[in-house]
Structure formats: structure tokens, C-alpha cells
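Participant: Sequence:
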Amino acid sequence: MSEELISKKDLLEFAGISYGQLYRWKRKDLIPEEWFIRKSTFTGQETFFPKEKILGRINKIQTMKENLSLDELADMFSPNISDLQLGKDELVKRNIVSSAVMDFYLENEKGSHTFTITRMLEVYVLEKLLQSGEINQDEGKMLLQVLKEHAALIKQKGCELVITRKLGVSSCLLLINAEAMHMDLGTKMVVQLSLMSCMEEIKAKLL
Numbered sequence: 007m008s009e010e011l012i013s014k015k016d017l018l019e020f021a022g023i024s025y026g027q028l029y030r031w032k033r034k035d036l037i038p039e040e041w042f043i044r045k046s047t048f049t050g051q052e053t054f055f056p057k058e059k060i061l062g063r064i065n066k067i068q069t070m071k072e073n074l075s076l077d078e079l080a081d082m083f084s085p086n087i088s089d090l091q092l093g094k095d096e097l098v099k100r101n102i103v104s105s106a107v108m109d110f111y112l113e114n115e116k117g118s119h120t121f122t123i124t125r126m127l128e129v130y131v132l133e134k135l136l137q138s139g140e141i142n143q144d145e146g147k148m149l150l151q152v153l154k155e156h157a158a159l160i161k162q163k164g165c166e167l168v169i170t171r172k173l174g175v176s177s178c179l180l181l182i183n184a185e186a187m188h189m190d191l192g193t194k195m196v197v198q199l200s201l202m203s204c205m206e207e208i209k210a211k212l213l
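The sequence shown begins at 7 in the working numbering and counts up by one.
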């Protein structure tokens, strides 16, 4: 499924920002390098962006830059907060996960009640998808297994979680920097979720 793109010219006009602002944010790692997509057009090479992602990111930057420096924003948007650890009660208190989903997670994962950022992401994604009804508990168990087996991959900026169903059978996979995904007609995409966006949502709740 291809993402809708927006040209650099249309982006600057729509968002009301300058060329200089856009590339200053890029240099500060507020906007990922991989979102700058070069394509050939009838006028030559032009730069495009994934529309939904770039507009959402610019809105966050504009909303938060009054209270945070660009370096602090860059730290927030970074996919790694490797040293952070919180207890399970603190995660519930900060609305990262509900008590019910936390209990489900610990029952299946059987790990410590202290959470690293990697485990926070696991439980947050589980919360997001179970509470929305997009997945059931069996799919939640499969999701946890995939996230744990490929923990190194989810630290990459372009990592997306995809869950599909075909004839009642679910599959869970991780995509890295995928511009498009094509499936047969009998397969339904149930979830396509940016793990970096989830990480940003967690960080916003922790600030």
C-alpha cells in the first residue's frame, strides 16, 4: 500500500514554513533523512515527503518548540532512550498502558515489573491495538513474540509493524524502510503502524 506523497513546494506552502526551517529541522534530526524522497518529474528531480507523516511531525515541532529547544525535540524524536527504566505502576499512572493490558502483558511475558524503553514500546503497542479492537488476544501474543524476536530491528527509524489476515489466519511482520507493500486479493491488512511514531507518543507522555 503506497503512501500519499506531498511535494516540497506544496509542503512549505501548506505548513507555512520556510525552506530554511525545513532543512534546519532535518540537520537537527527532527525530520528523518529517509522522508526526503527524490523523484524524477517532467521538470527534473524533485523532493517529496510521505504526506501524513511529515505534516504530523511538523505539527508536533510547531506545537512543542515554544517549550523545548531543538536539541530537546531531537532527543524526543530519537528512537532510542536506552537508559530509561520505569516500574509498571508508573506506566499505568502515565496512561501508557491500562491495568488490564499490563496484566495480560506480564502474564504472557513473565518478565520483570521494571520496564526498559523496549518493553515500554511492546506494552504500548499491545495497549493501542487491543483497546482499539484491531487485534484479539491471540494476535496480541503473536505480536509480542515478533517484537521480542526482532528487538534490534525496532530501533531503526523506518520500522513498521504490519498485521494481516487471510481466511481467518493472522500474520505479523516488521517492515524496514518499505515504500510500498503488495498483497494478494485474499489478504486483508489489519494494522500498519509506525513503531517510531509509537515511540514518540510514549516520549510525549513521559515529558
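It should be emphasised that the hints constitute simulated quantities derived from the structure, not laboratory data.
Treat the hints with caution; some may be incorrect.
Capping the alpha-carbon separation at 30 angstroms, the derived lysine-lysine pairs in BS3-like fashion look like this [what the hints assert, rightly or not]:
id, residue 1, residue 2
1, K154, K59
2, K172, K161
3, K71, K154
4, K99, K172
5, K71, K99
Participant: So, for every hint listed, does it hold in this structure?
Facilitator: Here is how each hint holds up against the structure:
no. : hint         : result
1   : K154 to K59  : 26 angstroms, holds
2   : K172 to K161 : 29 angstroms, holds
3   : K71 to K154  : 34 angstroms, violated
4   : K99 to K172  : 37 angstroms, violated
5   : K71 to K99   : 26 angstroms, holds
Violated hints for the displayed structure, listed by number in ascending order: 3 and 4.
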